[in-house]
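Trainee: Assemble the dimeric complex from its two separately framed chains, guided by the hints.
Residue numbers (our numbering), protein chains in the order written: chain B, 47 to 432; chain Y, 781 to 1890.
Don't read these hints as lab results, they were simulated from the structure. Glycine included, C-beta positions come from ideal geometry on N, C-alpha and C. Each hint should be verified, as a subset may be incorrect.
Said to hold, decoys possible - If the Cβ cut is set under 8 Å, some of the chain B residues that face chain Y in the computed set are:
| no. | residue |
| --- | --- |
| 1 | 119 |
| 2 | 121 |
| 3 | 136 |
| 4 | 151 |
| 5 | 218 |
| 6 | 309 |
| 7 | 331 |
| 8 | 337 |
| 9 | 340 |
| 10 | 363 |
| 11 | 391 |
| 12 | 395 |
| 13 | 402 |
What the hints assert, rightly or not - Residues of chain B clear of chain Y, computed beta-carbon distances all greater than 12 Å:
| no. | residue |
| --- | --- |
| 14 | 175 |
| 15 | 186 |
| 16 | 268 |
| 17 | 280 |
| 18 | 313 |
| 19 | 349 |
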Amino acid sequence: MTHGLSHLPFCFFSGSSPPICRPCEVRTPASGRGSRVELAAVMDEAGSSASAGSAPRGGRPARSGVFYKFTQQDLPAWKPAMTPGYVIAIFLIIGIIFVPVGLICLQASNRVAEIVHRYDIDCVPDAYRSNKQAYIKDSSISKKCIQKVKVQYHMKAPIYVYYELDNFYQNHRRYIKSRSDKQLRHGLQYTDSSCSPIERSNGLPVVPCGLIAWSLFNDTYDFTRGSMGLMVDRKNISWRSDREHKYGKDVYPFNFQNGSLIGGGKLDPDIPLSNQEDLIVWMRAAALPQFRKLYGVIEEDIQADETITMHITNNYNTYSFGGKKSLVLTTSTWLGGKNDFLGYAYLITGSSSIFLCILFALIHVKIPRPHGDAAYLSWSRKNGNN
Amino acid sequence: MKRFVYINDESYQNDYCDNQISNTKYTLWNFLPKNLWEQFRRFMNQYFLLIACLQLWSLITPVNPASTWGPLIVIFAVSATKEAWDDYNRYISDKQANEKKVWIVKNGARKHIQAQDIRVGNIVWIRENEEVPCDLVLTGTSEPQGICHVETAALDGEIDLKTRVIPTTCIGLDSEQLHKIKGVIECPIPDKDIRRFDANIRLFPPFIDNDICPLTINNTLLQSCYLRNTEWACGVAVYTVHTQFSLEGKHVDNVCLKERLCLLDNTLCVAVEIYSNEIIKIIIIRIHENNTAPCSHHMSGNETKLGMSRGVPEPKLTAMDAMIDKLTGAIFLFQLAVVVVLGSAGNVWKDTEARKQWYVKYDDDEPWYQILVIPLRFELLCSIMIPISIKVSLDFVKSMYAKFIDWDEEIYDQETDTPAHAANTAISEDLGQVEYILTDKTGTLTENKMIFRRCCIAGTLYGNESGDALKDIELLNAVADNSPHVIKFLTVMALCNTVIPIKSPSGTISYKAQSQDEDALVNAASNLHVVLVSKNGNNAGQQIKTFVDAVDKYAQLGLRTLCLGWRELSLEEYLEWSRLFKEANSALVDREWKVAEVCQKLEHTLDILGISAIEDRLQDGVPETIEILRQSGINFWMLTGDKQSTAIQIALLCNLISSEPKGQLLYINGKTEDEVARSLERVLLTMRITSSEPKELAFVVDGWALEIILTRYKEAFTELAVLSKTAICCRVTPSQKAQLVKLLKSCDYRTLAIGDGGNDVRMIQQAHIGVGISGREGLQAARAADYSIGKFRFLKRLILVHGRYSYNRTAFLSQYSFYKSLLICFIQILFSFVSGIAGTSLFNSVSLMAYNVFYTSIPVLTTVLDKDLSEKTVTQNPEILLYCQAGRLLNPSTFAGWFGRSLYHAIVVFLITIHAYANEKSEMEELSMVALSGSIWLQAFVVTLEMSSFTFLQFLAIWGNFAAFYVINLCISTIPTAGMYTIMFRLCRQPSYWITMLLISGVGMGPVLALKYFRYTYSPSAINILQKAERSRGPMYTLVNLESQLRSEQGNSTNSILTAPVKNKNSVYEPLLSDSPMASRRSLASSSFDIFQPAQSRVPAAYPRNIKTS
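Pulled out of the complex, with its shape left as it was, chain Y reads as follows (with noise of 0.2 Å):
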């Protein structure tokens, strides 16, 4: 399980393979095969082949097997040239990197290679800006601190610079040196993940002891990274790329690892950092004299491992395809039904009358399967019931809805130049469906942009009355007098962190920061150190009390509550700690566990210095957004790690929950499973009391609450999902949230998850929609989720334009797909008895392919710019979406009435046709032409009559494809070897067919509008009245006049709300309520801390005290 890389010695590196990438997933012998059993996977495919190895069977085939083949091969040949487009690519892309140059040392000499050439323990040096060939240990780079800055983005997305440091026995060495190095490293053999590296080097003699160092993942540089800031590093190579497993399968671990490490003028700080139940951030430092301090300390406390192995994710299927997909079944077991009947009658016609006419010449004695023969023909000639086209059609349709939303320049973040993106293509039509919203909080609804606005430094508060500290005179005069707790909360302020001051040419000096809180503390301190002169002191004992009030205070304003703390060491204690820190840290099993159980060794009897407070404000149009998709029948959960009452102070900010009367917030707390099951019991009593009542009920849950409900109460909390329109959920995992977001999926509502950090992601991907924010704390959930977005503000337009659009456009173009299948369907089945029941196909095997392929699927395309409401009435009236919402287009009763019109368009054209086309004119090649002309001129009228709105394009590709249909048809009758040579010039000149297809129109369309006119006019549905509205030009009704719900809820907040100081706290950080090493810690700090956890009781009281004050 492990693996000795040797530095530098060419005896071992055969052992490893080379560095070659390869992306691709086929090969220029194996793409054919393993192409197609990929896409014969799925089962329409399987049909389709299926069928189409029937129709070789020319004693049973209707039409020339070319009907199905063609089409068939055509769907293949697509998606099989995009994969080996996509393949070609990423063919392309390998085998640049893998011949870019490198260097590396070979014989004491630096040379040139091709990247693919190195070997492991192979000595690789980068330049700045260079991109890492392979994993590496650092020996060494360009600056004397022997540390370099990685930019990771291309790893974890994150773009903020990353420090990486040389391992202890390789500082000090020159470029000279590093050439001869040579040693073993010890390190496991690969695995996924990018956050650990458990490993130790060795050097051998001569150079400097043979002591083990423990090497961490702050000594490595792994492949795609880049290098920053630094001119030059080099390293071992350990794991080349062949050993590696695929980018894809790196997971991406919470956003919240730090590294502690701050070099400043050769000094080493050690900091650490831990988080109690309260997330009050404690931070010791110490500063060490010694130059050259080998000590690396690296440690956080919620490093819980996520377990958030991305690997491929699992294909989505939105309910409109589930939906679909049952159509399909139902039309695959009517067309069995219509297989069997008419495959009987068939049988029995045959044996009874078919015998008789002489001319058709059956024998007396036939093979067993003549039998069979009947049926199978009619199966064939019903497999067009399952349009073929469809899955193309909606494919198509898809990547449009997809464009239009990467396009969208109203949900183009301008702020930050980003546009909105669909990374998933497949499932718009799910934005418009959507039940429930789940929400995190930070980033999401904030702005995720800290500023520290507000100190409480030993009992004393600034800040208060200006809300900005920073402008405080009070604290401005503290520091010019050099208080000194002020300076110590200062410089532990600006310490202990994990931000990377940038020095730029022109000698400004700029931070880089993992954690936006951390920047605004950075800032905030040098801000105030501009005017600091002064030497510490000891501080005395506070008063806890004030503080406690202090956090409190601060959190009813929403704002993010930091506590400092410090504690003195003995130079001996620390060497102590030094020495376990070091073994623990080199440990090769269970580093982290070990780890943090010394770091616990150390975290204990802290001094409080003082209290920040951070603001992280709301984003533009939050509220709004949110009332508006309240407005629109969807729920929202928020789900968060913060405390309760600044969740709730959130909630009632941004329009989630409403303040008394209007609304009525219930509490699930406890701390053992009684009272939690009590408190459950409580409210789901009132909530089943309550909610005929227009009030607005939402529940409160923590974490740990939470925990024990879903494990004990599972289907006691199911039912309070359902009565619950709002949720909040505070103090949750990442992977609680993902809990909840399967436990409202099994309930069966479209659940749509929206975040912006590496703790959402879970969460993200498990929703049926998983919206990312291109936030600050890095690209983790743009990247997981299945549309990326700038603001959380784009998501009113996500859902109620493009949701809606996409639903309303796919209900039309799949419900049609099989409408003018089953069209021609039918026609064929009443074909089918007046010519002996014997499965004759009406239409020859060319008609039937361009029906399905051409001339019916390029008008109904142009559905992708249809649009039945404008997008300003929709915004307005946003209870429009309870139609998509509740699948009022596309479900069993109107697929019914779209099977009843085909129908019904199958009778009228077969009707008219045998009848106007009967005696000398019913020749079999014209007739069929008669009867296919009559169904393209109903499809086009169909479109029409179904559209709203007509651009040029829907025009041109309505009457342009008509006008096709006859150009194509009139070309093919010129050729004499077809078998409708002749036909369309005969039929184009007799009137009796103009008459006919005239008649075919008005016989066909006239029921259909004026039962859509009767519908329209005098039972409308409410799009049809808000059509009505927006097209008289009246005067255009707003939300004032529609403010009430379809649903028997009421209005929503008060304006009052609305206009309060947005003002927000946030925590970036997650509770850990899972078994982790972390778990004991965290149940530790909280004990030593447990007097700063304010009361349960004191959250209600201070939730409409609040409201009052806003």
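Bound-form chain B, shown alone (with noise of 0.2 Å):
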């Protein structure tokens, strides 16, 4: 019964090399682990003491440089403060700037000499002041208006004459996407099915297709100063791009306004589009819908009180849908035509950063907040009341 159990000192204490017996001579009582591990971690300590720049160990960034910094979420950052100080500065700052700016753009908007005259109405005939449609579109009636202008200030060359529309939406997205850049460059080949539905008339391509070319704007002016004429140049009124690089100098008229239905002015076929300006300045569409279009510069000075006769073919159509047309004959300078806008806009926004910077300042006077102060903290409150 006791067979297996007297084998057991025997087993183990023997001297004939009992595995168990064995690890009395090498070991600690700290076990085997425990010891490694306490070796490991003084040999850790020595390294970091040592530490920077020594070697990478299996894979880590090396612990120096740009990279390690990055990799440690370390690199030097600027930290700004928002103080009372600096905000108080900021605002002063644009205060101070864009007051200056807003003067500098009221005046320049200010030297700006300019004339809106509206004639769509009153080129009418009194006759047909209540059906203007079917004047417009009643071929028979002359179109010719004669309109008469005073001007106020004096004008120095070079005047523009632009004709405004207004209610005109240039920018519907129908008629805005209805043309075909790359017929107007490369010529009837490539009309597609973007220029619908202006796109072929009488089963031909049209040349140039799209609503755009198709309502073409064609009122005319012709100035005279006293007794005399007045040159418009109608000439480099397009962009210098667009006449090189947009509209191609083979690409001739075609079919053009041959449809049932005619939109706006026709174009010589024995032009090429490069040189049909009107037609360029006019395909530049608009992004509201009230704008200018230049027609042409005239480069004469105008004097102040003199009287401008305007001789207007009134035949575009902006009655049916209550748009306005208007000439209008501007100087212009840095800044571009007259346009309070920026000016106003500068003046508000300086006056208004100066007025908040007071505010602010003031506030900081009376209600003194230490920067920084602890007991600000919620948690400190709280416990403050407690």
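Mentor: Take a look at the structure:
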């Protein structure tokens, strides 16, 4: 019964290499694992005390350099603080910059001499006043119209002649998309569906195709000063880049305005598109329903109190949708035409920021907040109340 | 359901497939369709695909379809490339494995073939340190005892060596015979279980007898293990790779399964180990004289199948992702509203106004679908409200967060050379939003580094004075005197375990143990054996009472107690039992159950030898870490398999609970349902009453009561869980741990589970965030976890630094992404009011695409470097985490702020642009570029304003991007065919352009700055205050000033606890409450050792007593 047990001491403690007895010769009371780990810890300590620049361990980044700092999210960083001083200064600077800029803009805008003359109603004969559409659609009625304007200020050349349309949606999606840049550049073989609904007429492609071209503005203007004619230079009114790169020199109008419905103006089929400057100007669609387009440039000064006679051919139909047509004569400055908006906007912004600057300064003086006072921490407050 | 493998018989080999490994997900042919299909299962991708398809209809598309297709294809290409690369790498490694040369036996001679040509039934030879190519049944080894050692790290993550033994029938065969061996192996069809292999082997004559010999997992070499410390081994291929399930599917079982086999000097010891309810380990030893005793007794007390099929874990969604999804949904609804309103307005305008505009040339009779055209155009126009870039940006920053965690030197464990690792790169933000931490104890809070400290042998307590039994002179004397009890005790201690002695060439012996406890015991025994020369004798009956007291005493000291016992068996008794055991062991069905049953027959009427006590020290910095994390508003639950008193002791030591009068501990216990219910009610009542008091309440519940509660009183317990900030659950099983996590999750709390052992895997997988400690219990937990760290104290940095920064950064990034998309979208909408509500796009296709993909995405990505507060400030003021926890930086109201800002900025940009560029300047292309530049200027300033710290990278990204915008547009302006040919040159020459930009910036940012400043100064958030404090370089106030919590509770534990001697007791083993064959064993065992269970009433008494001593 105790047969097995009797072997027990022999098994363990006889000298014949029982594995279990061996460790005593080499072991400390601590377990092997323990001592190994302790050793590792000591070594690591030594390593880290001599740390910086030591060799990278097993795929870990080296302990220096920008990349190491990046990996440790420890790149040197500028941490601006939103102190009252800085903020007040920022608003002050905004004010100091914006107010003068506003004044300069206003001054520039005021230097511009501008005449805006709306003629779409005046040019309709009294008899048709109640039915303007009948007038404009009746091709038998002469559309000639003479308007006189008195110039208030001296206008220095160059004087730009614009026609202004209002309530005319060149930016309507159906309209603005209806064109083919390829056709304008390369000719009728590139006519495609992008021109819909003015793509083909009588089975033949239309050049230039599309609604924009089809609705080409076709009022014309002539000016006289006293009895003298006033030369309007109609050359170079379009962008040079358009003439040279966007419209083909060997693309000629074809089958244009030949359909059942005639839209706007017609084009001389013998002049290449790159020279059809009215078309090029018109094709630069406006982003807003009220817009001006360049008609020509007058290279002579116009004196104050002079009367300008405008000979208008009132062809273009804006009556069906209540659009407005105006003729604009204006000079220009570095800032462009007359536009008070920028000036006033700058003045208002500048003065508001100065106001804010003063307001913040006052509040800061009245209710000073020591910067970074821990007493305002909500949990501190709560603690204090307790 | 069975398979018969004929050893070395080629005529049967073709029934099974070859050994070709294929882990690849795709083939060359199905890659594109399969990958696309997978990608399109995501909602966002479906949305963008729909938009992109709609854009192909030229009638409604506002922009070139390329503006959506481009980014969409880029995004798809990026993820497809990643997949393809991963798959290619898999293919390469498969190929290497497949073409590896192995030796097999063919026609009685060894042949060299490629691994992929191995067939079922082949005999495969492996040399030392080689990888096993397929699942083998061991038939021979170089060792005379017929054992070999394998490393199974690839399979289960455990790095210690395991012993494998050849089947009895094969013992004694020399290598010559092994070449000729024939036979049949009857085994089940392949399954996932790597812990189990219930099969039989029968060798054909002339080899030995034709008895059936049972096979267990101990007789196998599984694929991807490595052969160690053994010159060679050979085995019969039973499962080839093709028939196996992929490694992913193989589950990792509880760590505690052990082989009870010791082979020492041709003597086979049968070791039996059982665990009673009180984790008392009783060990019987038996030594059999038969040299070739064919019994490898495999058994263990806690083999409960945990059923932890790992499978592919569900992708985790962070709270932040959920919030972003919600906001995306809200934006989507808003978009639909815009589409409906503007679409109908557009149709009305068309019918009333546009028809009068002859130049638009609407037809009078249109196809029916025309009514849909304008709404669809707006749908497309507004589709950019949901930024296509957000997914990519988020993926990028998230992988950066993960990288930062991997790189972080401060959470790099130098002791074990383990860097922290973020296995799940997608959930870093959740770290900042943790509300509950559920922590394991062993190896997580403690080091799991066991040291034998005390023992109680035959009623004598050793090691009481010095705290180290090995230095106790009395024990040394007893050993020297050959005191029989002591010797027996030490013998049991040294023998009954799974420790493998490894002899190094120099003759020293080191131990490889699966359990830290066993390692400690064997080492302690070996230290004492030095002086041992003794013979054994019979022991007299012990005073059981002494042992009960000793167990209790040690437990209160935080030591792990282990009770050793023994019983003598007569030879007949043993042979009878051995036969039964063999029978049970060769059963093909229910083998474990049968083995357990047989073992029970042996494990009774044991004599107690003594009690050993092992110390497991608390890890460095655990109390401080818990204190700081609790201060930051995180609630701690400790889930452990330990005894109640030990658990409470540890909880006190590591600041989890406070002693009276600051804290109060409530007990939920009871054996019956009624008792538990009453107890629960009482605790709940106390909790409700005192919840307003500044007293730290915690409850303690044990696994038994928990089981009843979780099945019967779930609602009451849920209420309790919500009320209680701290809880200690002892004696809980892995599945209960997971259940508790689930319960907290169901209350909508963000949970983090941290653990180190296999028993924590389920909890870790269940929780929102699983953190594994890559500790001594193997890597199972770390493998299953989303984050693995080397030490518990790194959790502090992981949460407070990485989690918090990640949250803040993602909060900014996601809202900003919506801001910039909404900005451009609002401008489009505003523009539609001046373009006849026809759905014209102000911006051209190129700009729109580049705006989303380049101009606005790049600068904001540097938010990964943004730090609102320095790491130091955050760790000094952990309360600040509340801002992340409560989701204060990303919620509908902050989002409303960004929404408002984008609306305001859109109005500013649009109004200023159309007024500054009115009349003769109102050319479409120019105006569009002015508006776009305005948006770019604003976004550069917004990013600048919202960032708190600027490294050179941020400057580079913000202003470099700004410069890049001009460079890119100037480049595009040189292309004659481009729509915006010369536009940028023209604009840059106009003073009015620059003046307009300045105005947009001033008007856009002025109020934002003023508002921010006002808030910052006069109603600052805690973050602002700390920022100010940090930046004013004033005296930094520390935790002392800010001691108390933002929440009503008061400060924390006293210092006396911090400085208390750090001692600990723990147990690797979980109590068994589930319905396994072990359950009956446990109850049986516990009934026989009921006397060891300390009365429940003693525990509360012990609790204050201990505080005094500490």
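Trainee: Which numbered conditions among the earlier hints are violated in the structure presented, ordered from lowest to highest?
Mentor: Violated hints: none at all, because every hint is consistent with the structure.
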